[in-house]
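J.: Top line first, the protein sequences correspond to chains A and B. 286 is the number that our numbering gives the last residue of the first sequence; the numbers go up by one with no jumps. 585 is the number that our numbering gives the last residue of the second sequence; the numbers go up by one with no jumps.
Any given hint could be a false lead.
[As the list claims (entries may be wrong)] Pairs of lysine-lysine residues, derived as PhoX-like cross-links and limited to a Cα-Cα distance of at most 25 Å, are as follows:
| hint | chain 1 | residue 1 | chain 2 | residue 2 |
| --- | --- | --- | --- | --- |
| 1 | B | Lys-531 | A | Lys-215 |
| 2 | A | Lys-215 | B | Lys-8 |
| 3 | B | Lys-531 | A | Lys-178 |
| 4 | B | Lys-42 | A | Lys-86 |
[Stated by the list, open to error] Partial list, derived from the structure: chain A residues whose beta carbon lies under 10 Å from chain B:
| hint | residue |
| --- | --- |
| 5 | Gln-48 |
| 6 | Phe-87 |
| 7 | Arg-229 |
Calculated from the structure, these hints are not laboratory results. All C-beta atoms in this analysis are idealised placements derived from N, C-alpha and C, irrespective of residue type, glycine included.
The chain contents come next:
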Amino acid sequence: MSHQDKKLNIFLSGDNFFVWDASDVRRIREEFRIVGTLVGCLPRAPRQNVQLGLPLQLMKEEVHLLSEKGYADIVEIVYKESDVTKFQHDISTSYSAQVDLFKQERRDEMKRKLPDIIEGKKKKRNKLLEDRQKNGEVIDETDFDKPIELDPDTVDIPNIHEEQMLIQLHTVPIYRNKEYKKVNLQYPETEEEILKYNVYKYFWELGHYITCGMKFGGDYLVYPGDPSRFHSFFVVVCKGYNEEMSALDIITMGRLGTTVKKTVVICSLDDRCQVCSTSLQWTSIS
Amino acid sequence: MPARGGTKDFMPDGSWLQNKCIENFHQERERAISEARVTRRKDLVRGEWKPELGLVELIHEMKNFWEHMGFNDNKRKWLHPEEGLLLMETNILEIWYDGVPLSLQEAYSMLIGQYLQLEYYQVYAYLRRVGYVVLRHQGRYDYTKYERKIGLHKHGKKKKKGNKKLVGKSEISENETHTVNDNMVDVGENVEYCDTITKTEMKTDCIEDAVDSKTVDVLENSSRESVTPVSDCCGNDGKIETDGNLDDNMDKSTEKTGKVFSPQGESVYLSSPMKDCFDVGSVDLQNIVSKAFSLKDENEELHVGETCDMDVDSSENPSLDVACPKDYINNSEGRTDIACSKNEQKYCLWNFDEIVFPNFSSADKTVSILKPLVTYIPQGPGTDFKSQSYVYNKSIYINTKKEKKKDKRQDEKSKKYLEFSNPEVMTRWQRAKKSCKNWAEYKLAIIKDKETMKRADMFPHLYKDDIEPLVKPESAKSTFAVLNQLQVIKDYSPEAHRTNEAPEIQPDFDVYAPSTKFKKSSPGIPDFRVKVARSDDSIPDMNVLTSIVSYLQDDVSLYWGIVDHGNTSFYNIEDFTLPDDITLE
Chain A
1 MSHQDKKLNI FLSGDNFFVW DASDVRRIRE EFRIVGTLVG CLPRAPRQNV QLGLPLQLMK
61 EEVHLLSEKG YADIVEIVYK ESDVTKFQHD ISTSYSAQVD LFKQERRDEM KRKLPDIIEG
121 KKKKRNKLLE DRQKNGEVID ETDFDKPIEL DPDTVDIPNI HEEQMLIQLH TVPIYRNKEY
181 KKVNLQYPET EEEILKYNVY KYFWELGHYI TCGMKFGGDY LVYPGDPSRF HSFFVVVCKG
241 YNEEMSALDI ITMGRLGTTV KKTVVICSLD DRCQVCSTSL QWTSIS
Chain B
1 MPARGGTKDF MPDGSWLQNK CIENFHQERE RAISEARVTR RKDLVRGEWK PELGLVELIH
61 EMKNFWEHMG FNDNKRKWLH PEEGLLLMET NILEIWYDGV PLSLQEAYSM LIGQYLQLEY
121 YQVYAYLRRV GYVVLRHQGR YDYTKYERKI GLHKHGKKKK KGNKKLVGKS EISENETHTV
181 NDNMVDVGEN VEYCDTITKT EMKTDCIEDA VDSKTVDVLE NSSRESVTPV SDCCGNDGKI
241 ETDGNLDDNM DKSTEKTGKV FSPQGESVYL SSPMKDCFDV GSVDLQNIVS KAFSLKDENE
301 ELHVGETCDM DVDSSENPSL DVACPKDYIN NSEGRTDIAC SKNEQKYCLW NFDEIVFPNF
361 SSADKTVSIL KPLVTYIPQG PGTDFKSQSY VYNKSIYINT KKEKKKDKRQ DEKSKKYLEF
421 SNPEVMTRWQ RAKKSCKNWA EYKLAIIKDK ETMKRADMFP HLYKDDIEPL VKPESAKSTF
481 AVLNQLQVIK DYSPEAHRTN EAPEIQPDFD VYAPSTKFKK SSPGIPDFRV KVARSDDSIP
541 DMNVLTSIVS YLQDDVSLYW GIVDHGNTSF YNIEDFTLPD DITLE
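Chain A with its partners taken away, still in its complex shape (with noise of 0.2 Å):
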């Protein structure tokens, strides 16, 4: 399929990258195992924080893996002068599209409701002549019974109001002239980010999806199968490989992974810049 081998874009925005398309959200999670967070509103449901919409924002290390293996590219966009004409073209065709619509939508609910409107408009017309009779007036009586014609179709209906058009809050860039400008990422370049993304690339390369660790204090969760399914199994810890730690430190981490009922992982570099792991497990002597 020419979808999957498609690269998808990562957009630069200052010094955070973003997903902005929903099918893209999608590739990247499914195929990818790349997790990322959504921080904007939902549009159904804006005001909570439990389920967000786009963008999907991405960490360093996500989006150097996705460059690096060459399922996406990092770029940055170079906004130009407006396209006026289009997006005036494009707002009279909608509402004329709308306008079609609605009277659509007019006309197939009369024919739907035809005989209920016959009937009351005959109602009305015999209501009518009833007090014109008792005005004293000279009616036929067959008049009461004349039929009363209506076809939906020609029906003259008014268009809607332009103020009750519909609008479309565009999430992507439309009536803007603009320039893709790919970026390379400067990463890693610390010793802590290369540490870091050693390790992140270890345990993707596991087959495993791996979160940021903050939630649980540590580096990085790292689940078995999809988050939304799954429990993480562990929670990363990166150490330096001659970083020295205290007892205090392994107490801590072992503490944390008791509570949150996870395997604590403290994970290093050695001198062949292999990434090495060790867990901890607390044990009581009784």
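Since chain A is already given, all that's left is putting chain B on it; use the hints.
T.: Below, chain B alone, put in the same frame as chain A:
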């Protein structure tokens, strides 16, 4: 909306059901996030992005969001970028730029950046989505604890209004004086310094001081600039009484008025003989100053109290009368009958040497009062005094004896039932009372007494050496006091470290719980404040924290909103004092 949470599986088992669940989730999520934001045009507010200001200008009608968002200046209504972006995301606002509305992606890249950090926006959006009212940090509110306790801070707006009114008033009066000045152009250059007088007076709060100093320096100036001998006499003779405060004012304003005045002084000096010029000048001065001050009087800002004449005279020059404007105000009709006597200063129209007050205290039984001076008595019925003196029986008017007896009885009664935690105070007080003539002596006596008390301790031998016990017997009044004495490291109290200097770090947001009573113009004290931080920022040190809290002075908790790649969480560092455990056995 796709479901979230619920029970999760332990680990992937490759089953069809599990895969279907996951696929379903992805499908639902994609549909939810790709939903278009569509609104009717009439429900959409329009704004224009101004990148040079970093603000969104509202063009279209406001909606109810205006109650807690945005600000206006000179007819225009503005939104901060975070407000604009959130309203856009919640489908209320359409931001236009360069002829077309912005898409969300454009808005993210344009609005976030120079004027708005992403983390900052994310914390803002998080709080707004939950429903809080979030304002940019408003600075501190100068309400005392007590004012807050009795709920005075809720009426802050009224206070402000009052201030505004005052400002407005003084502005008006300033304008009025300007027009007065304009009308009096024919007076000459005098107008110029009259202007400076009134203007400077508007600025000074203490009007009485200002009045004195200004007129005095006008005087000094006029004399110094135009007629040198006069200036000498009024400067050196010391007839014009000034207090220290006044002196300061004088020095400053002398410079001011001096500059304005000098051209006039010179020109007058050249054009006419000395005597004439000064007379003319001084009369004009009186008029102008009096007018300026009667305007003030209308504003009720001037306390019309004591009257004050200042007569400056010298042997070389004809007598020169310059009256302080207050005098004019006192005479409501604006009459200018100034008491004028040579080399003498008077503060009041009443001569207290002439007025005799009856002395009730010295007299035994009767008081005789002389006939009052007719000049000071208002005319009317019952004011014609025939005899030269009147005798009053004291006991009729003052029932001194009875009260004294009563008082004494009550005093003794209350003394009997008074209980003192420190009984020796009473005895000491009585001891001291007998020997002291005034308070200073009394205080000294008390201190002496205390010292002698210390010396007379039960264990004098313990306090002989350099090393003394930590707790002294006289300070051991309660368990708490003893514990307090033993405390080697004192409790850190932020109260003691209060500063008025603004700390380097200021909170970012003031957050209010949603309320119908909320007013944007006087939001009052927030429910909490938020400072935005990145996850890799270090934790603020104690010094920073206390400086923020102590500067704000209102016990509102400060939360730190940490953003890590879109995940927002909050933490809070609160002060508390450890309880003093007192166990009695």
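J.: Where does the structure disagree with the numbered hints, that is, which hint numbers, in rising order?
T.: 3
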